[in-house]
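My request is simple: use the sequences and hints to build the entire structure.
From first to last, the protein sequence lines stand for chains H, U, S and B. Positions 1 to 387 (the numbering used here) are the ones given, in order, by the first sequence. Positions 1 to 387 (the numbering used here) are the ones given, in order, by the second sequence. Positions 1 to 359 (the numbering used here) are the ones given, in order, by the third sequence. Positions 1 to 359 (the numbering used here) are the ones given, in order, by the fourth sequence.
It is worth saying that the hints were derived from the structure and are not from the lab. A few of these clues could be false.
[As the list claims (entries may be wrong)] Derived coverage of chain U by chain B (criterion: at least 3 residues anywhere in the stretch with Cβ under 8 Å from a Cβ of chain B; other residues may be distant): (1) 268–274; (2) 291–302; (3) 306–313; (4) 348–356.
[To be verified] With beta-carbon atoms standing in for the labels, derived distance ranges: (5) Gly-384(H) with Ala-190(S): 30 to 38 Å; (6) Lys-336(B) with Ser-310(H): 35 to 43 Å; (7) Lys-336(B) with Asp-171(U): 53 to 61 Å.
Ideal Cβ placement from N, Cα and C applies to all residues, glycine included.
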Amino acid sequence: MVDFSLTEGDQRFLDLIQEEYELGRKFAREVDREAEHKPPVVKTLHPALEGKPDPYELLHESDEGTSGHIMVDALMHMVSAKDLDMRPEGLGFGSMVLEDFGTDEQKAKFGHLRLAIGLTEPGAGSDPGNMASTWRYDAATDEYVLNGEKVFISAINKLDGAVTLLRGVPDEQGRRVFSSFIITKDMKGFHEMQQFQKLGMHQFDIAGFTMDDIRVPAINRLEADFGRTMSRFNHNRPLVAAGALGLCRSMLDFTKAKLAEGGIEVDYARGVKARSAAEDKIIRMEALWEAAWGTVMEVKWKQTQLGTTSLGYRTEASMAKAIGGKAARQITQGCLELLGPEGLSEDYLAEKWFRDARIADIYEGAGEIQRILVARDVLGYKKGELN
Amino acid sequence: MVDFSLTEGDQRFLDLIQEEYELGRKFAREVDREAEHKPPVVKTLHPALEGKPDPYELLHESDEGTSGHIMVDALMHMVSAKDLDMRPEGLGFGSMVLEDFGTDEQKAKFGHLRLAIGLTEPGAGSDPGNMASTWRYDAATDEYVLNGEKVFISAINKLDGAVTLLRGVPDEQGRRVFSSFIITKDMKGFHEMQQFQKLGMHQFDIAGFTMDDIRVPAINRLEADFGRTMSRFNHNRPLVAAGALGLCRSMLDFTKAKLAEGGIEVDYARGVKARSAAEDKIIRMEALWEAAWGTVMEVKWKQTQLGTTSLGYRTEASMAKAIGGKAARQITQGCLELLGPEGLSEDYLAEKWFRDARIADIYEGAGEIQRILVARDVLGYKKGELN
Amino acid sequence: MISYELSEEQKIVRSTMSEFANTVLRPETRRLDDNSKIDDGVLSALWATEIIQSQADADGEGRSPVTNAIILEELAAADASLALAVASSMGFVQAIADQGSAKQRELLKAFAGPKFQAAAIAMMEPSFSFDVSKISAKASKAGDEYVLSGKKAYVPLASSCSHFLVIAESDGAADAFIVPRDAAGVKVEAPKGTLGLRALELAEVSFDGVKVPASMRLGEGNGADIQKIVDSARVGLASIMAGLSRGVLEYVVPYTKERIVHGTPLAQKQKVAFDIADMKIDIDAMRWMNWKAAWELESKLPATRTAQLAYTYASQQTMQIADNGLQAFGGHGFVKAHPIEMWYRNARSLSVLEGVAGV
Amino acid sequence: MISYELSEEQKIVRSTMSEFANTVLRPETRRLDDNSKIDDGVLSALWATEIIQSQADADGEGRSPVTNAIILEELAAADASLALAVASSMGFVQAIADQGSAKQRELLKAFAGPKFQAAAIAMMEPSFSFDVSKISAKASKAGDEYVLSGKKAYVPLASSCSHFLVIAESDGAADAFIVPRDAAGVKVEAPKGTLGLRALELAEVSFDGVKVPASMRLGEGNGADIQKIVDSARVGLASIMAGLSRGVLEYVVPYTKERIVHGTPLAQKQKVAFDIADMKIDIDAMRWMNWKAAWELESKLPATRTAQLAYTYASQQTMQIADNGLQAFGGHGFVKAHPIEMWYRNARSLSVLEGVAGV
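Next up, the structure:
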């Protein structure tokens, strides 16, 4: 049965995370101003959260009475803006790849590590064909030797290491085989790079690392080739969209409240000809928000049915990411336009949300890439036929 | 000196053409309803124009006291919608190619003919590489033999013949050389096709012809290769945009008048926050109209400076066509939205303008082609580097 | 508990309707547009689907706005005019089934039979300033009657309707009145030629001092909730627009794959491929929005906001999809050899017809 | 007689300004944004261009809104904040030169000198409901004086200004008053941190019962035409936005040609190439709209409509150009190693600052 009701359990989690985000909001401006120039503030639990359980952990422990942890996770992302990382980083993207594709032995050995994912390279953007980083096998020591540079990595500063995807040096046939390796920061040859200075998301670490003859044994090599490593994106992409929608939710609510103070209220009953320009714009932005919400929830529902490692929902994941990225751009731009000059001020978070949101259509696969993936599926094209 | 004033002479021509268009408007609905099912009504002068001089002919005779005939021609196109062809077709596009590139001998022989241009083929769209029609030289009779099919030809029904661009059968090197030929309807092997049934522009003939072993002597072959034949587009493309803007002008004026009757008036002084949704939409549409107007007039000014056959304004011509085509789509769609259900009625011309305007972003090079041409110029790319 | 799972019955209805729409309706669509008329054969075929009949049962258990949204999308993927012919009667029947008194619901028996029977909500008015929030038609109470005056426009199949549900302002608020077509003072005009949905024979109906017994005021004593009728109409129209958009996409895909330009299929041009991706994304999003609003209606929750958002999004994106679809066809999009030009007209028409449908 | 021909003088001014902007201003732009301040050296260099001085001559023959539109575009192609620093003082000087009484125009002598001198129009107010048509600041006449009260916001370089031209409502209509910065009751707040144009030190200025002699009411007896000031401001801002957009395009072109993705330069992807074509088309269109509105101002014709349309188009398309420009850079657009992220901030800021400029 088609159903859009929230269970009481769902609502409890949404309230919990909302409360946590609102606590964070008080510190958001300060962190936004300073996080780029100081080392990341919140490596440990933020004092404001002392004694409060982690809602995501609670959900992980039990999703009984809810619409299911995959769905609730997405709903929690959409509740409002997350302005602050207030908890130590959980398991990173790399840890999930390990969980999905590691052997039992590898999970036993590395399962405790919190691992980022190292994919992008400075000259390659989203194009794996351009990857310059390499692995080679050294038969003399039975080790793999890793070299190269990875950038735009979320939270690498706060994690223990990374799963990194590299291309082999050419084999006998001249092929350069993709393979993934687990590396940790304490390894010789691992060099962490400085934080990027960026438009927004100052609260969110994005940096990189270089590999300078890092040597690892065979157990550090994952049976996760390019396709398998990337498949985790199907879980993540809709969540990136959901996070952007949470931010847009705050932006829309703020804008509506401020306009209402000046007498501009949104009436959903009337037709377009009875509306003010501001009202019409808000209705159109909220319509886009709902469109993206429905898309995110549909893929999360499908993921629930098929299981996370299934490839059966990857087009839907790309669709969610594409429409979420578009919503992030249009809604933040549109709200700031409606807020007028006062919206530019650092006295409010609106201008920060405008800056923060812009990454949503870029990372974890830009909107252009998602559209190519969707178009390939609709048109029945393979890679190479449509790029 | 930058100057946007109209001379008294300019204004006289604009008034003349406006008067003519308004006379035509009375018959517009009838022609729209019937022109597709009956042979074109107006092959000769429409009785309503009896005794009235042709403003374009007047302008051609003398542009003294005006901003110049190239500029005034464009301004006249933008005055309002041309709902009806009320005069016998003037010189066609093909005649202009003859004028630009014919020898004196050819002009003497064919100058009296009113010639369309035959470029597009049913399977080729805008892609000349796909042209299947051919010419071959028959040494036995010293004649050229022409075969194939041409479609989407403006006013072919009303003209005497066409200049048609064909590819040669492969020569010794396997090359297929483009060449243009003058053909007339009375030639053996020339078959006129039936009018297309179409969305709009019913008043405007678009049809095609087939060539079935048409034989012509050497004098019918023009020294106009592909590039030269196409160069005439630089003159025409901005005029297509201008015609679309004339139509949009009528649409905007009608919409503003009808909304004003219901109390929605456009105030250009206020800011966006003091506007109704309808007012804001009209201002944005009029802004797009002005943007396109400025672009059309700039290329026409440049054409005036450089001369019509110059290639020095071709990127500007593409820009004018692209923005004019975009304006035609957005403004007609937007106005009908504002007019609401009553705008759908055949009691008014608005719904006709909506249908008529849609061709503007397609013929004489679709918006996509214009953007490729503009991008090539901006990026310094040649054909083949960007398609 | 959030779920996108269709019931078994819904899955069957969907595939049945899809099959019916593609095989029976789609081949007729150009002919009906050319003739500006839905002929009796097609109307009978539509009626034989029992879509309307299933709305008319007295206890209301047979009705599901979600199922109706699914049905309308499937019908409209083949022909938006025919989908709206169904949605129009559906709106009438639903409003009475949902909000009518017991006596008023008796009228619905006529819709349960095997013979085609049209009825429509008469909401819109022939004015460029019309807005659903500003109704000009008036109903004034005089004793045990209301006297109804005003002009309604764009009523689907008006001359075939047995009844109209007329929305009129009464005592400062909008209200609804059940009026038989043959009541004194009711005049159905000849159909207007319209941009799109031509086969629907959209016509004006004027009400000149029509006497309506108080018992035919929808809901009798307390009157009706007109906003619910508008909400349902918005979802109905949005579902039809989702279907129309899907029809465009399904037609554009094979064409652009087959059409070779400069040596490559059109579909391999990024501009075209991105448009196609956006169509797919927006069509799915419309559907989920429609389902959500329909689910709220089905759950008797306030649906005004979601219905407005679904309708706004569908209106905006459907126009864009039809526009980009036409563009992908180039000159072939402008001629009647392909249905694209008709869909372009229908897309613009649907998005301004607030009030003539229901789910 | 329609012409797009620049005078010889305008051609020289354009190339001089372009050279100056690229060599002197552009290298400073990131540093100024980081420091949220325009330092004295840059201000002196700007002043030394004599742009402002040329506006201040008493007979008004030296002023040309068209030339000023050209200058602002050239400056903004390098740095929008610095262009607006110029446009802000220009707006002040122009309003007084155009509409001031002889006595008021005497004040402009101070702007003819060699030392940097700022002044600004104080139009906007610190309210989310602010609109140029709804001014809250009040000026009430008391004898030979006006008493001015209200709060103004986003005044460029406020703490460096010698004077403000304060727009306030007086007797039911908007009016303008020349107020020295050191008048009693004037308080300049510390600059606000803002999304963009950070170097401009945009600040609030409050006017608390400030006494303004009637002789300092712009235009004296009959008051001023505030709409002309707004028109001129809109054209000024639109010219700056055209320049900013051009800066984006000129930066995007080489990058996308050099950046190889999947074996081909980014610029050969249709999506990117079409965005670039649209940027070029829109930037040129903005320029012609700006020239047309500026020409109307210069010709003393009513310019409200064209100024509004130029401003509306520039606001809308500049946001889109900065947005698409950023997108073409992908992750590199989000980091401060490239100026794109700053232009994205500036684009959004410029389009909401109605009233702080002039041509």
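Check your understanding: Any of the earlier hints contradicted here, and which numbers?
Key -> 3, 4 and 5
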